[in-house]
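Chain order of the listed sequences is A and B.
The numbers in the first sequence follow the numbering used here, run straight up by one, and end at 479.
The numbers in the second sequence follow the numbering used here, run straight up by one, and end at 1139.
Hints are computed from structural coordinates only; laboratory data are not their basis.
Don't take every hint at face value.
Unchecked claim - Here are the computed lysine-lysine pairs in the DSSO-like style, where the Cα-Cα straight-line distance is at most 27 Å:
1. A/K358 <-> B/K1074
2. B/K656 <-> A/K358
3. B/K792 <-> B/K656
Stated by the list, open to error - Restraint ranges, calculated between C-beta atoms of paired labels, are given here:
4. A/G476 <-> B/L491: 29 to 35 Å
5. B/P541 <-> A/E269: 33 to 39 Å
6. A/E149 <-> B/H1120: 22 to 28 Å
7. A/W454 <-> B/V849: 22 to 28 Å
8. B/P598 <-> A/N444: 21 to 27 Å
9. A/T192 <-> B/H995: 55 to 61 Å
10. A/T59 <-> B/L1133: 39 to 45 Å
11. B/A490 <-> A/G409: 38 to 44 Å
C-beta atoms are modelled at their ideal positions from N, C-alpha and C, and glycine is treated no differently.
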Amino acid sequence: MDFSGLNVAALLPELLVSGGGLLVMALHAAFRGRQDRQLVWVSLASVVAALAFCLNPLTVEPGYFGSALSDPMAFAGRITVLAALVLLLPGGVAYARSRNLPQAEYLSLSLFAATGMMALASAGDLIVLFLAVEVLSISLYCLAGLMGERESSRQAALTYFLAGSFASGFLLFGMALLSGSAGTLDIAALGTGLARVSGTGTQWVALGGVVLMIAGLLFKVGAVPFHSWVAEVYSGSPTVVTAFMSTAAKAAAFAGFGRVLLALGSVSEAWVPLVGICAGATMILGNFTALVQGNFKRMLAFSSVAHAGYLLLGLMAVGAAGESLEAVIFYLLPYVLANAALFLVAAKVSQAGSGNYKLDDYKGLARRNPWLAGLLALLLLGLAGMPPLAGFMGKFMVFSAAVRAGHTGLAVLGILTSVVAVFTYLRPVVYAWFHEPEESGALNLDGGLAFVVWVAGAGLLLLGLWPRLWLDLCAGIGV
Amino acid sequence: MSVESLALPLALIPLLPLLGAVLNGLFGRYTNARLSGALATAAIGGSFLVALNIFLQFNQLPEEGRRFLVNYGPWMHVGSLSLDWSLLLDPLSLLYALFISGVATLIHLYSIGYMGKEPSFARYFAYLNLFSFAMLTLVLGGNYLVMFLGWEGVGLCSYLLIGFWFSDPEKASAGKKAFVVNRIGDFGFLLGAFLLFANLGSLDYGQVQEGMAGLPVGHWLPTAAALLLFVGATGKSAQIPLYVWLPDAMAGPTPVSALIHAATMVTAGLYMIARNHFLYSLAPAALLTVAIVGASTALFAATIGLVQRDIKKVLAYSTVSQLGYMFLAMGVGAYTAGLFHVVTHAFFKALLFLGAGSVIHAMHHVYHKVHDHKRDPQDMRNMGGLAKRLPITYWTFLVATIAIAGFPPFAGFFSKDEILWQVFATGHWPLWLMGLCAAGLTSFYMFRLLFLTFHGTYRGGEAEAAHFHENPLVMTLPLMILAVLSAIAGFWGLPHFLDFAHLGNRFDEFLAPVFHSGSDLALRHAVEAHGNVALEWALALGSIGVATLGLLLARRWYLLKPELADAAARRHPKLHQRLLDKWRVDELYEAVVVKPVAAFSEACSRQVDAGLIDGAVNGTARLAQLAGQGVRRLQSGRLPHYLTAMALGVALLLALVFTR
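This is chain B alone, in the form it adopts within the complex (with noise of 0.2 Å):
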């Protein structure tokens, strides 16, 4: 393997999905709804396809020679700056492609299904294609604007596909939303792009990552520099303060929250972070900060899961709060461990949001042949008894539950356990002490999810339920190889205390060389054999134990006994009533950033119309009857109040020259 017989399959993985997106822009609306979901699906597939022939070779090589960076031309050479298009391959952005186009193939594959009734389905696969490009191209971009580019566009695709259904204007402002929360978050990263080049005179990771080697730990760049970077984090992987747009992206499809908003896109900030590892371990006070925030987030949007009606969103604040993990992991050091749980928690993930997707279209359905249009679909309240009439999708979503809950042997369990136990033997005890809280939290409203929507009796009547019938195995056969993954993934990342056969931590193993380099390859292996394995199983125990805690509780307030839980709500009023509000945050927001930008704009308005009748524009009423008094108005007017304007900023700037 060498960079000459790379560059070509390399550039194929971005640019395969990007030909899927053009040809079903121009010719998609001549086929259907079949056709041009192949399309895409081929496309996107041929990525993965392509991705896993590079992981074979991959392996073969010495752990040193696994990285190769692939130069196609100049891009912009301005000045000092000088940036290519070049793309990066590694064993981190190989992972991320892999399990990105391994996802976005198997969602591509069941929004066949999901939307093959809708008309402009030639629009929604060319998004979804163009959405994999752009995530593509920003894990495997060579630089910090490659990535940027592919950043920006995974935003604006996403924007695009939550506004899909544009005849709806509260998804369109939800769409809106979350391009300008997005956008906040860029001001960070571009901002800490431009920091480092301003010091080091590159934004490529390469030499940027040389231009940090001689700094002290604590060095004020790298610590300003991953901050801002972080800033840009928080925004597109929604964690406090940014994530509010990410509750509100769930108006667009189904498919489209399990691809973007649950499995890839919102997982850039911490590609973002792993792939500037070597800033951030120079940077404790920013590493801290990574922890805080989200242990914070992991806590704070489990409580919002709890008391969520619309099935989606409680998935969604649990997407919020599984990033929080993740980013919990990054800042404690712990990369592939959160690495690690960014791999299960795409694959689980995006399976409970198409077993959602399942149902939502199942109740549709549903509600279409009853001729009622006024219920919500998404709301479990409607729902209940939905295992027996939606048997492939209860089945698969329950394997999810289990394994987002952190039951062993399934996926969840191992990544979050080893993340949870990364925090306490690095020290941070307060904050595992939050992740354990949301732990048990998340158990708790998945089980109640669970149970709302498929135990129980179907709340809509025997004979509206008469209705149901499982959905297509273009839907449900994704759903079934996401169950295997989101089952037996976790032992890629097998933890030492429970490795009695020796295999090894294949997944620590694989990505050691990204973040470790020659002799401390070595070392790690020698450090990691002393863990306190007696501790790790007290706390894995632990975690189970909390887990156990809210599976129990969901099933006797939900399924044993329902009016338990409208009690507890009654009893307290105002706590059930800030959760179901989302602790107001939408509205501090609105009163603290909006209003006053609004009014700040309204005062430059103003001032720069001073004077000015408002709406004095081409052929307005009232300019008609004043037609023809032009002059006259000029010299009473605004001319001498400009004039004096004018005249005043001669003078000021003559004072700025001349006092200084």
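Okay, chain A solo, but in the shape it has when bound (with noise of 0.2 Å):
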């Protein structure tokens, strides 16, 4: 048997990050536990290392005989990942010894579960595809509940198992019914598949697959109609949890199904209208839900969802008009930058506040901490897509995708929704700098959350002015 087509190299970050995942198991083991407070730095090691293969890739052939590609939407996925993972770590680290839940376990979950996201984003075959949906997702079940003595955690960890694992059967339907009628299961040949069995019955088997791995896709992004499973499990979950669900999954699903719809370009006409049904009611529920929370972590788990919304309308121009996944990418890495820093924002106010996440926490924030609130607002803005905020552009590419594409209404839509989520965001910038304080007497962020919060606002300048840097990287690392 030939093994140069494994190509290990093509395969090093997601090697190192899992072997980072094992490494803190086996040291927590070793030590009895005793040494769990360094287990981060072996952690937060083994993922700056597979950033630096990500950033300098020692190969751009494809690995494991071509089933984990190497192009710029691989490296997008896998540097999204990674870049939440460096945000999370410490400040979840953090959140887990201040909670007293077991550090080890929160570590190398994260670190097997990102081996999933980004094996994900790097999919070329259908196989590796739903491998990685599964390793993501039974690590994210794991993590869900682990506030084990807390009913709303348990209960989140198995509403959201039983409820994916559900999701899963769909998926692997869809595959099967897909990769059966097109005679293959390589991502990037489908489409002549397709082609071959077109005006055959074979055709509506194939179509009926791709409804159902979308189904899959939409599910885990939590979108329209498969959100029910998004209250419970967003806001039973620990947050630091939550953060990780709502951006390095969400930017890996969407990075690994981008390339499969990409892939069903010659079918468009079939998914994409699917796909627009969906992204508009993903849209006016999202914004809408979270426009009446008055509990931070449920508004931003409604605002993600409404962010899925956005996102499968630059997939669906994806579709129509063989646009490039540019916007898709661009859109992600603000968001996921925000987001995380949000949610690590949002545990910490909680903690000092009324422990509940109350919007009221956040009243006069301002002049507790004016750094923090400066940032946060910053960050909400970035979130309601404000020039020149990183969040603008991405909205912006997005919305000029699906014009170019031909869907105009669900652009109208979207900036419409988009007026509403002002509304949303703009609700804890008033309370932090227009409202007194409940609670008087400084709020100090420690050295890693300031750290966290500091890089996303940086990052959301930055990419807002500079929006071709990260593109440009991208695009220059794969091919």
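Two chains, each in its own frame: build the complex with the hints.
See below:
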């Protein structure tokens, strides 16, 4: 057997991160949990090493017999996931420590989930895609239940697990139908395979497969009509895990499924209207639901549903007009940066306040920590799409891609709902700046959290002013 | 002058105030208010000097050569979309840059006195500089997106400055209202921009203009784009139906009202229309809409201004009304007339606000002396007879009042009269009549304000009045400069029927290269020479007549026989109350917009949370009781619901695909 197709070098980022996860488990066992405080450094080291190999890949040949790709999208997805980890792990460990959660489990499961996400973002083959989805999902199920002594956390884990397994069933069945009728597992070849069966009865089988696969994607990103689990899982899971689910997992899902939809461009007239309806409904439901939340964590959760709607709009454009995925790739990074930082801030502010993620906790934040309040405003306005922050650029790219592809109606809906979103994001800002604090005393950030918030804020501004920075980087790395 | 030699000075115009904002933001709190204010003033003053220098060189260029597009590098190149960081210098952007930086410099200077005792002065000056940066970016931007960057930036700064005194929740909510209403306008702007982009493939002014060149008048594309962009203008420039935020915005410090909510930001909508004149000229329906909205706003806002008691509220409605005039001019295609009123209005309205600020500042001081914190220092019923106490404020205020009321030879007369003449001459006589009525009302409410505030006797008693003294020079100097400008600026745009010395309408000529090209330029001069001089005289005398009527009525009701005004209010209690309540438009919006949106959101939220106990979040007491029963509840509770919903969702998607 010829092993040159294995090309381990291409899999290095995934190997490093999963190796890091294993090492964390081994060290935890070897020291009987006495050195758990140091494990975060081990994890970060593996993430940073993976990031380094993503930015300077040893090879751009596909790995694992052609099923792990090295295109710009793969790198964009991997880097986005790793960036989320860099931001979330230090804060997550602090969160775990302060709530007596098992740190080693948190770290190793996060790294395993990230391995799945990275593999999903670079999957060139349906089997790898499914395995990646399962690796990331199972890790996330466990992470959701990490706060086991709380009923809400247990419930979130079980709900996520059962609903997720249900969705995996659809996904797998869809893949079987699709690959069966196209005669290939290679994602890039799906298009030509489907063209062969066009006009025959098999075409209908393939279409059924496409629909079921899209259903799997919609579930993973929490889009309408597969959003019912979101409220419970997002608000019940430990906040750092919710942050991970709503950022990195979503980025990976969009990168992985984006590639599939790109390959299905030849049958776009079948799936584009479908995704369009879901995108529209998701934008409406996500934004309007977020509007009335009195709870910051839930507000972020539903706003992340709304963002999935905008991203779906970007994917649609890919199908119709042969657009590239640039708009989606760009949208993801600032979204991930802002959301990751905001969830961590939410955990911190809530802990110092009601403990309940109430919006009221933000009252008078500007008096207690003006820098934090300023960065909070920056991040929220970034999500709301204020120029010159990157959130605006992302929305602008997605909407203009949609307009070019002829989905003007949905672009209008997108702009309209983003007006609604402004109300949502403005509320904590107004509380922070224009209300008297309910509790006095400074609210100081520890170094890790301050780092995260500053990096995210600077990233949002930088990417807004020089959007090509990120796109050229991805284009420059991959082939 | 070349593109290369322009690159640096042109960039400096917006960048200097940005630098000022950064410095004040970072180091301001280590200085004192004077230093911080001086830095901010120097930054924006520098912009003004650079703009002035460019202006002087500009005048020596041939008319066709007065347009420079300076490209500073790529911003966004994605797919077929390509946008650059670019600035555009032409007479229109230069005009705006000049009066914005000039008026802003004076207001920065005034702020040193006005905000001197404010503890967070550095934050204030940083915001003020940041605003100037955004505003200058808006007008100098070389494509729609750079313009939008400034467009959003000024909205954000306006929001920050309205809510500057955030300890007052009412003021904070005014800021939020301004932000959100503006975003609704921005929605229109973005849609218009996307429409142009989708059909022409570019967001560059020049390329869009080229793309429009071949289209017939009345084509749907310019009409739709012009209308959508106008939605943006109604938000930013406070026109019906989106004017509601501006009166509330008066909650901010008074110099902010002068700078942002009178002189500069609110004229961004006018700039946008002038910049897109090629679109509007192809869209008669859109132009007519602009004209009707403008005339209606001019009249409607003036009626509300008649009865307001807060000195700043009167000025706020007056601003809305004056902006209506400018849109009216745009709507009849008289772009330069509208822009001329933008400039003269910037002078006299900034002066009115700064004068009002001077009064409020003095009132504050007096109330502070007598330890009275209950009375409202902005309520004109508490004022009176201040002319003797605040002489410089009074005389400068008087100049501005005469100017806005439309008496010659002050600036407002020329610019307003030019608008009314153009409206009449283009055959829109019903709109002209509305404009004329509004002119009469303007004169009435402005003199009402003047008499209530400065004439008669001080209504707080003689003892208290002794505490008044005129504000320091740092505040009165800007008043005096603006008073001179309000008095003489009219001569820059002298209408030809008054042009005895044949100076020509210099303002019109300066802007001509923007709105006309090549052969058109010469033609325009030929046409203008043959205006109907007699008719112009008649109309001018007519508008002076209504202004005089307004003045006399205000004098009779508020100076000679104050009881008459109360009697009038008593005779029509319902009308009076309606006016005081601002026609209850806020309440109407609450009922038809805010409540339905809230109800819809609640419905969405319930749908998402179907079966979920409200407040089922970490650590509520209720859940603590239920701890340990989680799994049992899962079996009987929501999970089947979720799974059913998912299965139905898949069925729905399949049905959608297979039934097509």
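Hint check results:
| no. | hint | verdict |
| --- | --- | --- |
| 1 | A/K358 <-> B/K1074 | holds, 23 Å |
| 2 | B/K656 <-> A/K358 | holds, 23 Å |
| 3 | B/K792 <-> B/K656 | holds, 16 Å |
| 4 | A/G476 <-> B/L491: 29 to 35 Å | holds, 34 Å |
| 5 | B/P541 <-> A/E269: 33 to 39 Å | violated, 56 Å |
| 6 | A/E149 <-> B/H1120: 22 to 28 Å | holds, 26 Å |
| 7 | A/W454 <-> B/V849: 22 to 28 Å | violated, 49 Å |
| 8 | B/P598 <-> A/N444: 21 to 27 Å | holds, 22 Å |
| 9 | A/T192 <-> B/H995: 55 to 61 Å | holds, 58 Å |
| 10 | A/T59 <-> B/L1133: 39 to 45 Å | holds, 42 Å |
| 11 | B/A490 <-> A/G409: 38 to 44 Å | holds, 39 Å |
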